[in-house]
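S.K.: Sequence:
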Amino acid sequence: MKSRIKYVVGLAVATMAIMAATTPLLGAQAAGSDQPYAFKTIDATNGASTWVMANNASGEIVGYYSDANKVFHGFLLRAGAFTTLDFPGNDVAWTQVAAINDAGDTAGIYSLKSPAPAGNVHGFLRTSAGEWSTQDYPEGTHLMAGGAYGILADGTVVGCFHDGNPPTAMFGYAKGPGGATSFNYPPDAPFAMHYGVTPDGKTVVGGYLLGKNQPDNWHGYVFDSGNVVSFDVPGKAGTQAMGISPGRSVVGVYKVLAGTTWFAHGFVANTRGSLDPTGWSFAMVDVPGAAQTIVRSLNANGELAGYYVDAGGATHGFLATAGADSAPAATPPPAAPAPPNTGTGRAVPASYSPLMALGAALLALSVVTVGSRVALRRRAR
5 MKSRIKYVVG LAVATMAIMA ATTPLLGAQA AGSDQPYAFK TIDATNGAST
55 WVMANNASGE IVGYYSDANK VFHGFLLRAG AFTTLDFPGN DVAWTQVAAI
105 NDAGDTAGIY SLKSPAPAGN VHGFLRTSAG EWSTQDYPEG THLMAGGAYG
155 ILADGTVVGC FHDGNPPTAM FGYAKGPGGA TSFNYPPDAP FAMHYGVTPD
205 GKTVVGGYLL GKNQPDNWHG YVFDSGNVVS FDVPGKAGTQ AMGISPGRSV
255 VGVYKVLAGT TWFAHGFVAN TRGSLDPTGW SFAMVDVPGA AQTIVRSLNA
305 NGELAGYYVD AGGATHGFLA TAGADSAPAA TPPPAAPAPP NTGTGRAVPA
355 SYSPLMALGA ALLALSVVTV GSRVALRRRA R
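First residue of the sequence shown: 5, per my numbering; consecutive thereafter.
Among the hints, a few may not be true.
What the hints assert, rightly or not - As a list, the in silico DSSO-like pairs of lysine-lysine whose alpha-carbon atoms are at most 27 Å apart: (1) LYS240 to LYS216; (2) LYS74 to LYS117; (3) LYS74 to LYS44.
None of these hints come from the bench; they were simulated from the model.
Quick caveat, the model's predicted, so the values are computed rather than measured.
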């Protein structure tokens with residue numbers, strides 16, 4: 005992989021001898037299911053707020069925190085100690101780490117200070133050896149060039165780039181040793197972003213917008229073997245698939261409207277390896293006492309990772325372990341609204357274009373916001 009990617013020289017990694025501030029929340033229950041979870045709060049000691057974004061099979065956790073000056077810094081939490089990960093360069097404004105694979109390679113987004121940050125957000129890859137590289141989508145000029153939210157075993161990243169401020173179009177992308185691909189969905193009015201991917205690159209998950217940009221118009225998708233499967237959490241609005249485990253369980257968020265405010269809640273969908281959502285089992289996940297819960301990741305050991313907003317508005321990371329003696333009840337979901345040009349929400353060939361190079365991003369989640377083996381297939385010529 006080193007022969008294909010130009011790495012930025014100079015590391016800006018400050019290792020801090022900081023122990024993870026963790027608070028157990030025992031006996032917690034996943035709302036709307038029979039599956040109990042034990043939650044542990046994760047706060048970066050020097051962080052005003054902490055966002056946990058991903059975890060791997062070794063128990064390593066990544067995310068980002070804001071400091072006293074409201075500047076974002078990425079972090080790696082390993083064996084109880086935090087390491088700050090800031091993309092190298094004096095012109096870097098902030099860094100957010102969003103993904104980690106089992107080899108310890110990480111991916112995320114960073115922004116430059118100048119010109120205006122709105123046009124200077126980029127995706128990145130940092131190898132376990134500490135080598136940094138920008139991973140931006142190469143085709144055309146885009147207001148926000150990249151953002152990596154998922155990573156494969158071979159270091160391929162997935163994410164999104166977008167045009168317009170506020171966004172008028174958004175596209176998923178993958179960038180790795182085999183080049184780059186974009187993902188245009190729905191085909192008539194693309195507005196989608198890749199959030200997670202299986203280690204083998206076969207299955208990608210994310211969220212797409214259908215209609216006006218408001219929370220209840222978002223829907224989750226699974227992209228596998230050239231087909232898009234659309235889904236919603238049963239009876240809920242605003243579904244976004246934020247991650248997928250090696251065993252292909254899907255995690256993410258849905259939204260509930262209370263008064264005039266939309267609140268996020270987490271879910272876990274046991275797909276049993278199926279691409280038919282009517283056979284999935286859904287478990288709702290809420291951190292006890294939290295106003296909002298966002299589930300971002302599920303590792304091979306069944307541990308959930310994400311973040312929550314407390315009653316006072318502060319953001320904290322969490323790690324959750326499920327009870328071994330129970331499972332979510334199966335709830336057949338209604339079909340998600342179909343893209344305008346299909347008449348169906350399932351098994352729809354996606355429109356995407358093959359290109360060579362880099363990737364892009366937007367931090368989007370309404371509560372705040374492939375690589376030779378990659379299964380994202382190129383458009384037939």
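S.K.: Each of the hints needs a verdict: does it hold here or not?
M.R.: How the hints compare with the structure:
As the CA atoms of LYS240 and LYS216 are separated by approximately 18 Å, the hinted pair is consistent with the 27 Å bound. Of the supplied pair hints, the one linking LYS74 and LYS117 holds, its CA atoms being roughly 14 Å apart against a limit of 27 Å. With a CA separation close to 24 Å, the supplied pair LYS74 and LYS44 stays within the 27 Å bound.
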